[in-house]
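Asker: The listed protein sequences derive, respectively, from chains U and H. Note that the working numbering has the first sequence beginning at 1, numbered continuously upward. Note that the working numbering has the second sequence beginning at 1, numbered continuously upward.
Note that these hints are calculated values from the structure, not bench results. Fair warning: there could be bad hints in the mix.
Said to hold, decoys possible - Counterexamples of contact, computed for chain H against chain U with all Cβ distances above 12 Å:
| no. | residue |
| --- | --- |
| 1 | S26 |
| 2 | G35 |
| 3 | D56 |
| 4 | A57 |
| 5 | Y61 |
| 6 | G137 |
| 7 | R155 |
| 8 | P157 |
| 9 | P171 |
| 10 | A245 |
| 11 | Q313 |
| 12 | G345 |
| 13 | R351 |
| 14 | G389 |
| 15 | A418 |
As the list claims (entries may be wrong) - DEER-style ranges, computed between Cβ atoms:
| no. | chain 1 | residue 1 | chain 2 | residue 2 | range |
| --- | --- | --- | --- | --- | --- |
| 16 | U | Q88 | H | E262 | 27 to 37 Å |
| 17 | H | E230 | U | G105 | 25 to 35 Å |
| 18 | U | G134 | H | D11 | 27 to 37 Å |
| 19 | U | D120 | H | V226 | 30 to 40 Å |
| 20 | H | P256 | U | T36 | 27 to 37 Å |
| 21 | U | T136 | H | E33 | 43 to 53 Å |
Said to hold, decoys possible - If you want the ones that stay clear, here's a sample from chain H, every Cβ over 12 Å from chain U, calculated:
| no. | residue |
| --- | --- |
| 22 | R10 |
| 23 | A24 |
| 24 | G36 |
| 25 | M54 |
| 26 | G55 |
| 27 | H86 |
| 28 | R87 |
| 29 | S139 |
| 30 | L173 |
| 31 | Q215 |
| 32 | R217 |
| 33 | G223 |
| 34 | G266 |
| 35 | L281 |
Backbone N, C-alpha and C fix where the C-beta goes; we use that ideal spot for every residue, glycine too.
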Amino acid sequence: MARLIRGRPLVRGRGAGPTLVADQPLSFWGGYDQATGEIIDRRHPLSGAIAAGRVLVIPGSRGSSTTSAVFLESVRLGTAPAAVIVTQADSFLALASIVADELYGRPVPIVQVDPADLADVVTGQHAEVESDGGVTIAS
Amino acid sequence: MTLQLSALDRDTLAGGQGPAARLAMSILTRMAEVGGATALLDIVGSHIDSALFMGDATLEYAERLAGLGAKVTVPTTLNVSGIDEHRWARWPVAPEWAAKAQRQMAAYRSMGCEPTWTCAPYQTRFRPAFGQQLAWGESNAICFANSVIGARTERYPDLLDICAAITGRVPALGLHLAENRFGQDQVALVGIPERLQREDSFYPVLGHAIGALVQDRIPVVTGLTVTPTEDQLKALCAGSASSGAVALMHLVGVTPEAPTAEAAFGGRPPSRVFRLGLPELAAARNELSTAAGESVDMVVLGSPHFSIAEFRQLAPLVAGRRRHPDTAFVVTSSRIMVALAEADGLLQPLRDFGAEVVVDSCVLTMPMLDQQTKVLMTNSAKYAYYSPGLLGTRVAFGSLADCVESAVAGRTIRDDSAWHA
């Protein structure tokens, strides 16, 4: 049974992949290896996981505005997540994705959803993100 | 409410002001929608952090804008670069990295930005005035402009700041609007001796403590009984914008939007009250050090960039002395401050001491440390906060005098007397 979550598209686009879920925000600067897509913040619950090509589900980013530059570089190198689902209107991730769209024509969909809708979403489920902000989660 | 654009905004978005302005306006309006803005507003100045080379994507972005003929439309200063443009080769900086950093500098210069290359633009002739709307990047500068000057800027990240400078417009959100500038949390200083409040090293520590407590909220600091100097306020802002994301703080009786606590809070009660006494501040001071009682490889001063007043303080401390042969001594500053210091005869004592001056950049942004540099010492909360993570060094925090004494001895020396009751 698939479940549909209605979210707000911060940056429109389509993307799909297995989910990678954490309840802690991530600083991409010092927390994301742009060469490999590995989460390298050793205090983060997703430390060691490869986020490239996956649907990353986090509250948002945190820390330095340099998060935008790291995220943009990961898009350039093809190591960015397939989509990011956030619970905050995260301007740093949105900015990077918008610039990736304008510069490379490759936006990473960023969707804001209600935290309550994520209560039973766990790592490894297949997720499909649509341009209208709809997220289909396979059980 | 959807975003309402002016006729000129719409023309810019349609390409009527050229392809670079179209690109900048497209990014800006899309970000305005993410933030839920209903309008854009005019700015009178910008400070750009985007010129810092962070990888090929930031360089491609800069060269795309420059190649489309981008020009800034408001007076725009530049934050630090990834290199000291004319002296990077003195340090172990990879030449191919320096070449890309230099290309990124050239791209932003071609857009008409002022080559100030400093994280303390508020200490140049481009210092803004009370109430002016700005689009500034660089966390310490944002906090200083909002708090100490009472100018108005949101926290503009890399990539977006230049879009604001090109279009002269920003989303009407956040700290641009008077109703969002009132204090939220109270930080009450309790029983801090005036002798300590006059110490320069009190302010980076206080900033570090405040940022850790309030994170991205707006603090109102009560209980200061002295009037801090400009460089002390600079250190305070830099500390709070490192451990937290403080973009605006009010100091009752000191900063322009806080004649009284009531005015700073807009007549509302604080949502949280934190008490900071001597024990809490002594603990915050200790948090800034990860090294103690050992040899020091490099003393680093000047984050934010050293001012002429700070050069004036440092010169007599080092005059007639010599640093330990195994301890480097680096001051990071801007070209303009270094020129002023030279004219005032303040650099010769530093040279005789064995100090080196770095301009345009800093130890966090220019890859200038060699593998043997393991322990730093600094009087800057920002250097102390970031160097373990970004540079992989350990760090000792101390006063300016502590830093000079440590450089002479070649090991950390700290005078703790001011921090005890």
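Asker: Determine for every hint whether it applies to the structure shown.
Answerer: Status of the hints after comparison with the structure:
1. With 12 Å as the threshold on Cβ separation, the claim that H:S26 sits away from chain U is violated: the shortest Cβ distance comes to roughly 6 Å.
2. Separation of H:G35 from chain U is inadequate, the least Cβ-Cβ distance of about 6 Å not exceeding the 12 Å criterion.
3. With 12 Å as the threshold on Cβ separation, the claim that H:D56 sits away from chain U is violated: the shortest Cβ distance comes to roughly 6 Å.
4. The beta carbon of H:A57 is not kept farther than 12 Å from every beta carbon of chain U, the shortest such distance being approximately 4 Å.
5. Listed as a non-interface residue, H:Y61 fails to keep its Cβ farther than 12 Å from every Cβ of chain U; the least gap is roughly 6 Å.
6. H:G137, annotated as away from the interface, has a beta carbon of chain U within 12 Å; the closest lies near 7 Å.
7. Non-interface call for H:R155 relative to chain U: violated, since the shortest CB-CB distance, roughly 7 Å, does not exceed 12 Å.
8. Remark: the non-interface label on H:P157 conflicts with the geometry, its nearest Cβ contact in chain U lying 3 Å away (cut-off 12 Å).
9. At the 12 Å boundary, the C-beta of H:P171 falls inside the reach of chain U, the nearest C-beta of that chain being 10 Å off.
10. Chain U draws H:A245 into its interface by the beta-carbon criterion, the shortest separation being 8 Å against a cut-off of 12 Å.
11. Separation of H:Q313 from chain U is adequate, the least Cβ-Cβ distance of about 30 Å exceeding the 12 Å criterion.
12. At roughly 38 Å from the closest C-beta of chain U, the C-beta of H:G345 stays outside 12 Å, upholding its exclusion from the interface.
13. Listed as a non-interface residue, H:R351 keeps its Cβ farther than 12 Å from every Cβ of chain U; the least gap is roughly 34 Å.
14. In this structure H:G389 is not separated from chain U by more than 12 Å, as the shortest Cβ-Cβ distance comes to only about 6 Å.
15. For H:A418, the shortest C-beta to C-beta distance to chain U comes to about 32 Å, beyond the 12 Å cut-off, and the non-interface label holds.
16. Roughly 31 Å separates the CB atoms of U:Q88 and H:E262, a value that falls within the hinted 27 to 37 Å.
17. Distance hint for H:E230 and U:G105: a CB-CB separation of about 47 Å, inconsistent with the stated range 25 to 35 Å.
18. Judged by the Cβ atoms, the range 27 to 37 Å given for U:G134 and H:D11 holds: they are separated by roughly 34 Å.
19. At about 56 Å, the CB distance of U:D120 to H:V226 disagrees with the hint of 30 to 40 Å.
20. Between H:P256 and U:T36 the Cβ separation comes to about 48 Å, which falls outside the hinted range of 27 to 37 Å.
21. Against the hinted window of 43 to 53 Å, the Cβ-Cβ separation of U:T136 and H:E33 comes to about 24 Å, which falls outside the hint.
22. Every C-beta of chain U lies more than 12 Å from that of H:R10, the closest at about 18 Å, which supports listing it as non-interface.
23. Not every CB of chain U is more than 12 Å from the CB of H:A24 (nearest about 9 Å), against its label as outside the interface.
24. Distance check on H:G36: its Cβ comes as close as 7 Å (rounded) to a Cβ of chain U, failing to clear the 12 Å threshold; non-interface status is violated.
25. The claim that H:M54 is not at the interface with chain U is violated, since a C-beta of that chain comes within 12 Å of its own (minimum 4 Å).
26. Here H:G55 does not stay apart from chain U, with its beta-carbon only about 4 Å from theirs, under the 12 Å limit.
27. Every Cβ of chain U is farther than 12 Å from the Cβ of H:H86; the closest lies at roughly 25 Å, confirming the non-interface assignment.
28. At roughly 25 Å from the closest C-beta of chain U, the C-beta of H:R87 stays outside 12 Å, upholding its exclusion from the interface.
29. Against the 12 Å criterion, H:S139 falls within the reach of chain U, whose nearest CB is about 8 Å from its own CB.
30. Once the 12 Å rule is applied to beta carbons, H:L173 is inconsistent with being away from chain U; the minimum gap is 10 Å.
31. Under the 12 Å C-beta cut-off, the non-interface status given to H:Q215 relative to chain U is violated; the minimum distance is some 9 Å.
32. For H:R217, the condition that its CB be more than 12 Å from all CB atoms of chain U holds, with the nearest at approximately 14 Å.
33. Against chain U, the non-interface label of H:G223 holds: every CB pair exceeds 12 Å, the least being about 30 Å.
34. Against the 12 Å criterion, H:G266 stays outside the reach of chain U, whose nearest CB is about 24 Å from its own CB.
35. In this structure H:L281 is separated from chain U by more than 12 Å, as the shortest Cβ-Cβ distance comes to about 24 Å.
When each numbered hint is compared with the structure, violations occur for hints 1, 2, 3, 4, 5, 6, 7, 8, 9, 10, 14, 17, 19, 20, 21, 23, 24, 25, 26, 29, 30, 31.
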